[in-house]
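K.L.:
Put together the whole structure using the sequences plus the hints.
What follows is the residue order along each chain.
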Amino acid sequence: MAGMSGRFSTVVKAKINKLLDKAEDPGETLDYSYQAQLQNLQNVKKGIADVVTAKKRLQMQAEKLEQSVVKLDTQARQALGAGKEDLARMALERKTVAQTELQTLDSQIVELEDQQTKLTESEQRLRTKVEAFRTKKEVIKAQYNAAEAQVRISEAATGVGEEMADVGLAMQRAVDKTEQMRARAGAVEELEAAGTFDDITQLGSGEDDIDRQLRELGASGQVDDELAKMKAELGTGGAPQGELGEGKAGA
Amino acid sequence: MIVRIMGEGQFRIDDSDRDNLNELDNAAVAASEGGDETAFLTTFAALLDHVREVGTRMADDELEGSDVLFPPADTTFAEAKHEFTGEGLIPDEDQGD
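Residue numbers (my numbering), protein chains in the order written: chain D, 565 to 815; chain L, 220 to 316.
Hints are not guaranteed to be accurate.
In silico DSBU-like links for lysine-lysine, alpha-carbon gap of 35 angstroms or less [to be verified]: (1) D:K582 to L:K300; (2) D:K705 to D:K582; (3) L:K300 to D:K609; (4) D:K579 to D:K610.
To spell it out: a stretch of chain L is covered by chain D in this simulated footprint if at least three of its residues, at any positions, have a beta carbon under 8 angstroms from a beta carbon of chain D; those stretches are [claimed, not checked]: (5) 222 to 231; (6) 277 to 283; (7) 288 to 294.
Calculated directly from the structure, the hints in this document are not laboratory data. Just so you know, even glycine gets a beta-carbon here, dropped at the ideal spot from N, CA and C.
P.N.:
See below:
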């Protein structure tokens, strides 16, 4: 077949042949093949574990960000209630950034979940094939002379080898995705380390670098809307909402 | 013939369907080489759907090699261009120029 499948098939088949072309003695090929298959299964398991680890890291970050969103929202209300609109705006700007990061994290968690499912299914298929190969290997050893065995082995090994190549590609894609997510997780950590999602009551009175940057990020439209909404809510609610930070303020 | 969709498994397809597959495959390549992402995604999805529709899924414990292998369903346009139809990995069969 020409076109995409033609070239793609050729690439994959070349890889499989390389994988299988190891020993000349049929018995050796059998045992080598089986060992290689078991090794391959181990690698896939490790690959799945890596995806799960990356996913957990993102989930932990998402939880932290959710807490920040709640906290900053509360603080914005309190600041507004206390008549400190600048502080309220600052809190809302930070909340907006946290929400945006949270959305990205959530969609990435879903993506990793998807990779995990795919890899787990691939592992299952490969496991079944490896098991079928193990059975067939014993039959071949028992029933055929060397020349016949060679033919049958190479047929059976091709079936497994192709599955290994398939899982190999799935692994590679999962690793690529996981790497991207790691970079993402690192970026969120940098924002955290810079204090982007910190308690605004921990800040001094002056505007710091983060706030200038947040303003430049252009979140102001959304922030204005939210501020107006909050004002309206508080306006109908009447009395101011107590002191900023509710005793949590640092000295 | 036996067709594998990477990441999904193998399908047995009647040999009489070869021309249909070829046509769908060529359409996907044309879209990819023409730089049309939407067309590529549509034609490539149609190609794989066709395999799933006319093919019979093989059991996981069957040990046969495939005649044709297709890239995974979530292959992106960039991957298709770069890896599967680019000038990189495998030289063109007989494209005179």
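K.L.:
Decide, hint by hint, whether the structure agrees.
P.N.:
Results of checking the hints against the structure:
1. Distance restraint check for K582 of chain D and K300 of chain L: the Cα-Cα separation of roughly 25 angstroms lies within the 35 angstroms cut-off, and the hinted pair is therefore satisfied.
2. With a C-alpha separation of about 23 angstroms, the suggested pairing of K705 of chain D with K582 of chain D holds against the 35 angstroms cut-off.
3. The straight-line distance between the Cα atoms of K300 of chain L and K609 of chain D is roughly 31 angstroms, inside the 35 angstroms bound, and the hint therefore holds.
4. Between the alpha carbons of K579 of chain D and K610 of chain D the distance comes to roughly 22 angstroms, so the proposed pair stays at or under 35 angstroms and holds.
5. Interface restraint, the segment 222 to 231 of chain L with chain D: holds (4 residues with C-beta to C-beta distance below 8 angstroms; minimum three).
6. With 5 residues having a Cβ less than 8 angstroms from any Cβ of chain D, the segment 277 to 283 of chain L passes the three-residue criterion, so the hint holds.
7. Given as covered by chain D, the segment 288 to 294 of chain L passes the check, having 5 residues with a CB less than 8 angstroms from a CB of that chain where 3 are the minimum.
Violated hints are absent here; each numbered hint is respected by the structure.
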